[in-house]
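Engineer: Please construct the entire structure, taking both the sequences and the accompanying hints into account.
Mapping of the sequence shown onto my numbering: residues 1 to 899, in sequence order.
Possibly wrong hints are sitting among the right ones.
[To be verified] Below, in silico cross-link-like pairs of lysine to any residue (SDA-like), each with a Cα-Cα straight-line distance of 20 Å or less:
1. K241 <-> G216
2. K642 <-> N603
3. K234 <-> D491
4. K36 <-> E123
5. K564 <-> S582
6. K234 <-> K283
7. K61 <-> S582
8. K265 <-> C287
9. K61 <-> Q474
10. K36 <-> T18
11. K219 <-> K283
12. K283 <-> T229
13. K598 <-> W526
14. K267 <-> Q215
15. K564 <-> I117
Worth flagging that the hints you see were computed from the coordinates, not collected in a lab.
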Amino acid sequence: MAGAFVSASVGVLNPLLTKLSALVEGEYKLLKSVKKDIIFLRNELSSISVLLEHLSTKEDKLDGPTKEWRNNMLELAYDIEDCIDLFIHKLSCGDANANFVQKIGSKIKKLWGKHQITECIQELKNRVMEEDQRRKRNQIDDFISEPSVVEIDPRLPALYEEVERLVGIDGPREKIIKWIMTKGKPLEQRKVVSIVGLGGLGKTTLANEVYKTIQGDFKCITFVSISRTPNIRKILVDMLKGLGSNGDVSEDEQNLISHLRGFLKDKRYLIVFDDIWDIGAWKVVNCAFPENNLGSIIITTTRNTAVAEACSRTTSEGYLHSMQPLEEQDSQRLFYRRAFNSESCCPPHLEDISHAIISKCRSLPLAIISIASLLSIKPDTEDQWMQVHNSIGVTLNSDVEVRKILMLSYYDLPYPLKNCLLYLSMYPEDYVIDRQELIWRWIAEGFIIEAKGKTREQVGENYFNELINRSLIQPVYIQYDGRASCCRVHDIVLDLIISLSTGQNFVTIVHEQQHWSSFKKIRRTWFPSNGTDNRIVKEITNNCSHVRSLFFDSPKPEQIPQFKKCHALRVLVLDGCMSLESQHINSLTYLFQLKYLKLNVANVTEMPKDIGRLQQLETLIIRGGGHVNEINIPSSVCRLQKLERLIVDYPMRLPDEIGFLQALEMLSLFYNIEYSIKCLQELRRLTRLRYLRIRTPFGGDVARFERYKDAFYMTLDELGKNSLQSLHVHVTTKFSDTLMDSCCSSAPGLRELSTSGVGISKLSEQMISLSNLAYLVIFYNTRSNDQKDINLLGCIPKLLYLKVIFAQGWEDGLTVGCGGFPCLKELMFRHSRLHWLLFEPGAMPKLQRLSIELFAQKAASKLGFEQSFVHLSSLQHLIVVLDCSDAHYKGRESFGRCH
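Structural biologist: This is the structure we're talking about:
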């Protein structure tokens with residue numbers, strides 16, 4: 001892990017220093033005076049970078065003048081980098097196809113641009129000299145001390161689920177479930193359980209444990225997070241989606257409530273509302289729940305006792321559970337588990353200091369986890385641990401004191417991780433953050449630098465895992481390979497991050513009552529979906545020449561700025577833009593520094609004609625929110641020589657020259673058979689392509705389909721010889737059987753393979769040759785019971801995840817033999833309606849998660865069915881969906897007791 005982090009010699013200002021060196025050592029024709037000034041800037045900033053890194057570990061000890069100097073230097077570094085970026089752009093721009101007059105005009109512009117840049121660099125040099133004098137006057141160098149040595153935990157990915165499984169939860173969980181249930185059966189009247197307690201006590205974990213334990217008894221379930229400033233409409237929409245309703249999400253609040261009441265009127269539901277801050281918000285959302293006497297349950301969590309009482313008083317069947325700190329023994333178990341990876345083992349020389357630290361944490365789970373995570377990467381010496389002990393306040397009886405503990409974890413971060421963590425203040429409270437997209441944005445901002453033997457994306461994965469390992473972010477949705485696909489930030493941690501990032505002008509949080517004059521130079525900001533005032537948006541976007549990251553959530557067309565002056569913009573997200581049209585995004589082509597662009601649009605049918613001008617673009621994501629119209633990508637996109645990721649989730653007509661995108665590593669597209677076949681053939685030139693997801697709605701011309709199929713297989717053969725590792729194909733015309741044969745012969749190095757659409761009727765025996773395959777999803781289209789196919793899948797040596805979707809169900813049962821699926825961790829059978837499923841001793845020795853659908857009566861009557869589950873020695877999670885159409889009531893009840 002240590003190799004993933006840059007050393008202090010690289011420093012805080014690495015992206016800027018790298019650019020200054022490139023200017024000096026590159027082929028740019030610089031005036032001697034300009035070159036001399038740039039060398040001066042590089043040398044001065046190199047020493048300042050080391051000082052800034054030291055100051056970042058002493059935030060709470062900095063006096064006013066030192067903080068002011070620190071902030072001035074960070075702002076100055078931004079300004080210098082903006083100037084250099086503009087300089088390089090002006091030197092590089094030019095059109096090879098321009099005529100003589102245009103070339104003369106271009107040279108004049110370059111000369112004038114050089115003159116302006118020369119003046120700008122001289123001004124920046126003067127500012128650096130002024131700050132250097134201030135540094136000496138204020139004796140800021142006195143803050144320098146020897147850097148502490150921090151050993152990075154080598155276990156990369158962290159034990160994600162262990163962080164989630166807090167000790168001491170069993171008693172409160174059983175107490176709440178016992179109250180909910182009466183004589184083993186729920187009461188008919190709706191119940192409301194309200195869990196109240198201090199931040200960091202584990203309210204969300206307790207609610208989630210109750211939710212997971214009883215969810216099988218309910219027709220409709222959902223878990224909804226409520227932010228401190230709730231968007232009622234968004235909450236209602238999230239509920240509709242979570243409950244599985246197909247209602248119109250564009251309706252107003254009143255209609256959404258009516259729709260929810262109608263949808264739930266004859267259903268038994270279980271709903272969790274996590275972290276309610278406002279009684280008014282509860283009163284509104286509560287209107288959506290009909291009292292239908294079916295034994296429905298609502299669970300709420302809050303820090304506010306008044307809110308908890310208001311929730312529990314909603315019905316006569318209300319219950320208020322007050323969270324208590326952990327018992328002393330549970331506190332010790334939690335601390336030991338996180339610090340020493342054992343609940344009972346502590347080095348003898350650390351026992352006394354461990355108990356002293358645990359005592360200071362006052363039995364708060366969040367504080368215990370945070371401190372133990374910090375200590376787990378420290379040398380196990382008493383002196384080191386005593387330093388941490390002395391840094392903790394005398395008592396912990398408020399969020400402020402927990403925050404002090406979290407600051408220790410922040411100070412201990414290597415500097416690149418500090419920026420990565422602060423960037424999370426760009427996301428709203430309770431937001432589920434996609435891991436991949438977050439890493440791509442870190443890369444675009446320049447926070448991640450390639451390490452020897454690792455790509456920037458791999459280094460970003462290490463950063464992400466390290467933040468989890470230090471308990472600064474919470475993993476969400478653990479994948480088959482143990483990685484978290486998403487993360488969430490605890491609200492106390494988010495408060496800390498926001499405070500730090502705004503204090504350094506790293507991120508600007510927009511408030512309605514603010515006026516433009518109160519803003520400094522804005523470097524990063526986002527506009528939430530709760531309707532930020534148009535005046536505020538206009539004031540900011542009309543002065544966004546220094547903005548580097550800009551997020552919009554559900555903006556109105558008039559709020560989208562003209563991007564001509566956004567010279568510094570690297571990351572742009574336009575999310576939920578259902579009313580934007582093509583003309584609203586034409587000015588994107590002026591963003592010459594843009595590296596990451598995500599558009600979630602519904603009515604955009606054409607990308608800007610000159611999109612090829614975005615020469616720095618690395619990631620382009622276009623989503624349609626269910627939109628089905630075709631979008632045209634102009635041929636100029638093929639000039640994006642740095643584009644690594646192109647992800648489009650609705651029909652897209654790509655240019656025939658797509659093969660020119662030689663940097664492309666990830667491609668996800670919706671490809672119509674009516675498109676040019678040359679485009680499909682061109683894909684074979686993408687020698688760096690690692691990930692391909694293609695959706696193909698075929699039909700009509702049979703001859704054309706055959707030509708398409710041949711071209712696709714030839715392309716797959718070429719890609720398989722190069723870098724292809726993940727292939728996901730959705731087809732609506734039957735050629736899945738031959739597709740599997742082609743995959744096995746053309747791409748034996750695949751790690752992930754999924755097929756959907758028209759199902760496979762027979763598996764290829766060549767599948768055993770996929771020796772690296774870890775993830776497999778297949779759509780199975782047969783009603784015949786061919787045990788050989790299951791045996792064949794069981795022979796894939798490294799398979800970790802298997803999902804089989806049955807198009808027509810299975811007419812018999814299945815047996816998994818001894819030695820089958822030696823590495824499998826997760827198995828899902830969808831729409832299977834198996835008669836039974838047996839596991840022989842030694843089958844699936846590593847299986848942790850199993851989800852199946854069975855005929856209740858046939859399964860319960862199969863000899864040995866119940867006992868065979870005992871053979872799954874590693875099983876942790878089991879979901880069984882019963883089809884009871886073949887069972888009378890007593891049969892169903894018997895099956896429930898058995899399982």
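Engineer: Going straight from one Cα to the other, do K283 and T229 come out at no more than 20 Å?
Structural biologist: With a Cα-Cα distance of about 15 Å, the restraint between K283 and T229 holds, given a limit of 20 Å.
Engineer: Please verify whether K598 and W526 have alpha carbons no more than 20 Å apart.
Structural biologist: holds (14 Å)
Engineer: For K234 and D491, compute the direct alpha-carbon distance and say whether it is at most 20 Å.
Structural biologist: holds (19 Å)
Engineer: Does S582 sit within 20 Å of K564, going by the straight-line distance between their CA atoms?
Structural biologist: Status holds; Cα separation ~17 Å.
Engineer: Would the pair K36 and T18 pass a check requiring their Cα atoms to be no farther apart than 20 Å?
Structural biologist: Cα-Cα ~16 Å, so holds.
Engineer: Does E123 sit within 20 Å of K36, going by the straight-line distance between their CA atoms?
Structural biologist: Answer holds: K36 to E123 is near 14 Å, not above 20 Å.
Engineer: Is the Cα-Cα distance between K265 and C287 20 Å or less?
Structural biologist: Given that 20 Å is the threshold and the Cα spacing comes to 12 Å, the pair holds.
Engineer: Given the hint that K61 pairs with Q474, test it: the Cα-Cα distance must not exceed 20 Å.
Structural biologist: violated (29 Å)
Engineer: Between K241 and G216, does the CA-CA distance stay at or below 20 Å?
Structural biologist: holds (19 Å)
Engineer: Quickly compare the C-alpha distance for K642 and N603 to 20 Å and report which way the hint goes.
Structural biologist: violated (27 Å)
Engineer: Is K219 close enough to K283, meaning Cα to Cα at most 20 Å?
Structural biologist: At roughly 24 Å apart (the allowed maximum being 20 Å), K283 and K219 break the hint.
Engineer: Please work out if K564 and I117 have their alpha carbons no farther apart than 20 Å.
Structural biologist: Within the cut-off at roughly 19 Å; holds.
Hints 2, 7, 9, 11 from the earlier list are contradicted by this structure; the remaining hints agree with it.
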